[in-house]
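Trainee: Make the complex out of the two chains shown on their own, each in a separate frame, by following the hints.
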Amino acid sequence: DAGITQSPRYKITETGRQVTLMCHQTWSHSYMFWYRQDLGHGLRLIYYSAAADITDKGEVPDGYVVSRSKTENFPLTLESATRSQTSVYFCASSGDTYEQYFGPGTRLTVT
Amino acid sequence: ILNVEQSPQSLHVQEGDSTNFTCSFPSSNFYALHWYRWETAKSPEALFVMTLNGDEKKKGRISATLNTKEGYSYLYIKGSQPEDSATYLCALNAGNNRKLIWGLGTSLAVNP
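Chains D and S supply the protein sequences, listed in that same order.
In short: position in the first sequence from 1, add 2, done, that's our numbering.
In short: position in the second sequence from 1, add 14, done, that's our numbering.
So that you can see chain S by itself, here it is in the shape it has in the complex (with noise of 0.2 Å):
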């Protein structure tokens, strides 16, 4: 059975703060990896998919790194802000079959 271990399993930053989080995954069985966004009483939205060992992907304040060999991504946020505040889902594509593996989140709430 695959796993996706995301940590910290909630967050709480103050305003201003950046802030990371990690997403693990069996490096044997990887084809994409995938980080979502989800506001409570929303639906999720994609904001990275990642397929290269190395890749380096941004959207505004948000950044994510990617290492295949050893199994782990990093969500960035620089200086978050209360809207930031979601739950950040990490999914794998373990095969070329658009089926995910979806972790249980990071939940961050961003004090003003």
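Bound-form chain D, shown alone (with noise of 0.2 Å):
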């Protein structure tokens, strides 16, 4: 299907475990996004990407790795997850207008 799709929808995970964050889009869009949604804050970008094998920090990158070997795929991992990244996680991509096109989002629960 078209679009931009998260995976998975929800996860629980233990602290310490390492846990990969999947993200799609079939637009080809160059720039892709991961932020971070928690109340109090509103959304929160942790890392982008301006095109296959370019990122960049956001405003809360620490925690986090991404890679972008394909244009289509942007993966975001907690390499040890800790109970502070409990929170909901959407990917967004920019094509060539400047508006970005979110995803469903993740819901991740760090106990």
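It is worth saying that the hints were derived from the structure and are not from the lab.
Model, not experiment: these values are computed from the prediction.
Careful, some of the hints might be misleading.
Computed Cβ-Cβ distance ranges for the label pairs, DEER-style [stated by the list, open to error]: (1) S/Q23 to D/T111: 24 to 32 Å; (2) S/S21 to D/L41: 14 to 22 Å; (3) D/E81 to S/E84: 39 to 47 Å.
Glycine included, every Cβ here is placed at the ideal spot set by N, Cα and C.
Mentor: Here it is in structure tokens:
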């Protein structure tokens, strides 16, 4: 299906475990973004990518790793999950226009 | 640190009322201004992207204006309907790098 998808939609993991959140878009958009959404903070940028193999830190990158070997995929890895990383994670993409198109979100709980 | 401020934080209106919200941003750091609509349990959806001072955009009953010199944008909803209930976010492009600085949003509840 066309669009932007995220998987898994829900994830429960334990402190210290590594977890990867997947993001896939079918529009061939150059730009992709990872945000986290927490009460009282709104959307905060974790990492973004301007193209394949080009990534850069956002506002809150600590504890996260990204890669972008293909234009359509932008996985986000929590190397050693902490309770403070419990959040809703949104992936977004942006093409020739400036609008960002958001995936459905992944709700991550770290116990 | 660049801040995008939105007011009011929340708003309750009756069906049929017209309403408006404000987004304020530093006028010295402007490339584009975005408005998004975010319904509960869904994802943010783009409404408008505006780049020029004096820009006015419209989509159905929703419109937006932009003043880059004084650093504000207004979002108007004419004849609010219950389905307009959502959080309305504005976000600033402060440079030509696609990164957005997000406001905390205005939460609108339209009572039938």
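Trainee: Now look at each hint and say whether the structure bears it out.
Mentor: Tested hints:
Remark: the range hint 24 to 32 Å for S/Q23 to D/T111 is upheld by a beta-carbon distance near 27 Å. The beta-carbon spacing between S/S21 and D/L41, approximately 19 Å, falls within the hinted interval of 14 to 22 Å. The hint said 39 to 47 Å for the Cβ distance between D/E81 and S/E84, and at roughly 44 Å that hint holds.
This entry satisfies every hint, going by the numbered hints stated previously.
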